[in-house]
Amino acid sequence: MNDGDLEAFLSLVERHRRYMYNLALRITGNEQDAKDVIQESLLNAYLHLEQFERRADLRTWLNRIVVNCALDHLRGLRRRPDRNDPRPLSDVVDTAASSSPDPERLVTSADWRRQVSAAMNTMSPLERVTFTLRHFEGCSINEIAQTVGIGNNAAKQHIFRAVRKIRLALEPHWSGQ
Amino acid sequence: MSHLSDDEFVLHYYGEDGSRIVATERHLRSCAQCARAYEALARTLSAVTPPEFVEAADDLPAIRQLLHDRLRGQQSPPAVRPLLEGEAGLMALVWLVPVLYPLSFQALFSSARFAQEHIVGMPLVALTLMWACGGPFVAVLALTRMAVDRFERASTRLLVCGALMAAISPPLFLVVSRVSLSLNLGLWLWYSAIALASLIALFRWPKTSHSTARFLYVHRLSALVLTVFVSAHIINQAFAFFSLSLYTMMRSIMRVASQQPAMYTLIVGSVAIQMATGAAMGMKRVRAGALARNLQAVSGWYLAAFLLTHVFSALLFSQPQAATTVAPSVNQFDLLAGPRSTAQLPYLLLGVAAFLFHVGIYARLAALVYLAEASVRRLSYAAMFVGTTVVLTVGLALCGIHLTR
Numbered sequence: 000m001n002d003g004d005l006e007a008f009l010s011l012v013e014r015h016r017r018y019m020y021n022l023a024l025r026i027t028g029n030e031q032d033a034k035d036v037i038q039e040s041l042l043n044a045y046l047h048l049e050q051f052e053r054r055a056d057l058r059t060w061l062n063r064i065v066v067n068c069a070l071d072h073l074r075g076l077r078r079r080p081d082r083n084d085p086r087p088l089s090d091v092v093d094t095a096a097s098s099s100p101d102p103e104r105l106v107t108s109a110d111w112r113r114q115v116s117a118a119m120n121t122m123s124p125l126e127r128v129t130f131t132l133r134h135f136e137g138c139s140i141n142e143i144a145q146t147v148g149i150g151n152n153a154a155k156q157h158i159f160r161a162v163r164k165i166r167l168a169l170e171p172h173w174s175g176q
Numbered sequence: 000m001s002h003l004s005d006d007e008f009v010l011h012y013y014g015e016d017g018s019r020i021v022a023t024e025r026h027l028r029s030c031a032q033c034a035r036a037y038e039a040l041a042r043t044l045s046a047v048t049p050p051e052f053v054e055a056a057d058d059l060p061a062i063r064q065l066l067h068d069r070l071r072g073q074q075s076p077p078a079v080r081p082l083l084e085g086e087a088g089l090m091a092l093v094w095l096v097p098v099l100y101p102l103s104f105q106a107l108f109s110s111a112r113f114a115q116e117h118i119v120g121m122p123l124v125a126l127t128l129m130w131a132c133g134g135p136f137v138a139v140l141a142l143t144r145m146a147v148d149r150f151e152r153a154s155t156r157l158l159v160c161g162a163l164m165a166a167i168s169p170p171l172f173l174v175v176s177r178v179s180l181s182l183n184l185g186l187w188l189w190y191s192a193i194a195l196a197s198l199i200a201l202f203r204w205p206k207t208s209h210s211t212a213r214f215l216y217v218h219r220l221s222a223l224v225l226t227v228f229v230s231a232h233i234i235n236q237a238f239a240f241f242s243l244s245l246y247t248m249m250r251s252i253m254r255v256a257s258q259q260p261a262m263y264t265l266i267v268g269s270v271a272i273q274m275a276t277g278a279a280m281g282m283k284r285v286r287a288g289a290l291a292r293n294l295q296a297v298s299g300w301y302l303a304a305f306l307l308t309h310v311f312s313a314l315l316f317s318q319p320q321a322a323t324t325v326a327p328s329v330n331q332f333d334l335l336a337g338p339r340s341t342a343q344l345p346y347l348l349l350g351v352a353a354f355l356f357h358v359g360i361y362a363r364l365a366a367l368v369y370l371a372e373a374s375v376r377r378l379s380y381a382a383m384f385v386g387t388t389v390v391l392t393v394g395l396a397l398c399g400i401h402l403t404r
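Quick mapping for you: the protein sequence lines, in order, are chains A and B. Quick note: the first sequence uses numbering that gives the first Met the number 0, first residue 0, plus one each step. Quick note: the second sequence uses numbering that gives the first Met the number 0, first residue 0, plus one each step.
Note that these hints are calculated values from the structure, not bench results. Please read these numbers as outputs of a predicted model, since none were measured by experiment. Any given hint could be a false lead.
[What the hints assert, rightly or not] The calculated lysine to aspartate or glutamate pairs, modelled on EDC-like cross-linking and capped at a C-alpha distance of 20 Å, are: (1) A:K34 <-> B:E51; (2) A:K34 <-> A:E49; (3) A:K34 <-> B:D5; (4) A:K34 <-> B:E24; (5) A:K34 <-> A:E170; (6) A:K34 <-> A:D71; (7) A:K34 <-> B:E86.
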């Protein structure tokens, strides 16, 4: 592959880059990690361009690469306790329970976003990815299972566990009302 | 209708409850308790909104530079990398394994003899054993690193055929050498088999567009029967390291059980179903870049060849009572004693390892349904430790090393 190939590839993926970046951002939860994931995804996509040859939908193919790179990235972070160490659920629950402002206002506040982010940090990489794809991206469980390469039942169970963690962390906000 | 569970609420919230959606909706209208619980879930989940869509930073020049750098880094040394990256290198690697396989156990036998006289020869034994057992691992590496996962190109088919030959060299060599011995053909038959396998790659393979779900179900069902039988067999082989007499006692009990007509039919039937369903799934499990799937596919290939050699040896050859049977004599524990018996060491060790990998990968996927990922990872590490210990103890016993006799 030469420079011309690389330029052609970059112009091809340019129109999908915004979507890819936002998907990576939703999964990883921060900009620097999202950037790392996008770089890794583009490199992987370029190196395995042959696999795309006759696939109909470029975005679907790129999304699958982003999701799997993000999953690898999250797993890598968990192996490095100095970075992005997920908070224990009990910490998040304690913080949530200690504050009980008006729920209408709460959900639009920066504090709420931090609470959601902290709740998502308690999830395992697979729980986080499956939850993001189902809740934020609206993918079906079947699509999620195929993208991540697990069975439908496993995908469901990861989503159930993720929702349980979200509820445990965030519901004390409502129960105080 | 009884009260709904939290998981059913989640499925309903995401519209994933399929045909139960109407019944669930009706229940929520009639049951105040469930309606309240569902409302609490919906309120929390609807408050978890995605971060706003943001513009990707205009870092295209940086990405371009980074890709340039990374690609240059990938194209430069270390020396072995181009060999593993390029399709030609992978192809050469997978075909070299069967070509050189007959030399590997001869080297293993020579190094074992050398080690008997000089203790410093032990690492050499370990190295040659790794060489003899390396085929399936090379196959997994090649399949995982291949560029495309369709078999329309002859070069891809050649790579996959090579991987198959590399994976099944130990059992296939035992069968071929048995035939070769009776026809007095030396290694010519082995190299003809390799050439024949490479010819298969030149023809287009039939497309396997059918669903494999039903095959997979039957495959798993018959695997259950075999798992019980093979696990007992492996555990007993591992016992041989600790106590030869315990092994002999267990073996005689198992032999009585497995030689019952009903039991024998069940085992042979399960093996046949395993291979038929495995073959029907064809190459569907093979996928570029998917290490676990390829590991399961390659271990499946190996197990099919192993079981065919091991279980059907009496049916395949007309003189099962002859001294040189294809399946090794199970009470023969000093496999390094002769060049012919040495060929059975990688064959048996890889059989144990392939079984553990094949079952282990499936168990890991199944465990992900019930356990959190971190717990599955910890269990996987523990299982790998136990598996390695089992393979080592079986290996030591097969080399004639026993704690008590």
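Status of the hints after comparison with the structure:
| no. | hint | result |
| --- | --- | --- |
| 1 | A:K34 <-> B:E51 | 17 Å, holds |
| 2 | A:K34 <-> A:E49 | 24 Å, violated |
| 3 | A:K34 <-> B:D5 | 36 Å, violated |
| 4 | A:K34 <-> B:E24 | 42 Å, violated |
| 5 | A:K34 <-> A:E170 | 32 Å, violated |
| 6 | A:K34 <-> A:D71 | 14 Å, holds |
| 7 | A:K34 <-> B:E86 | 31 Å, violated |
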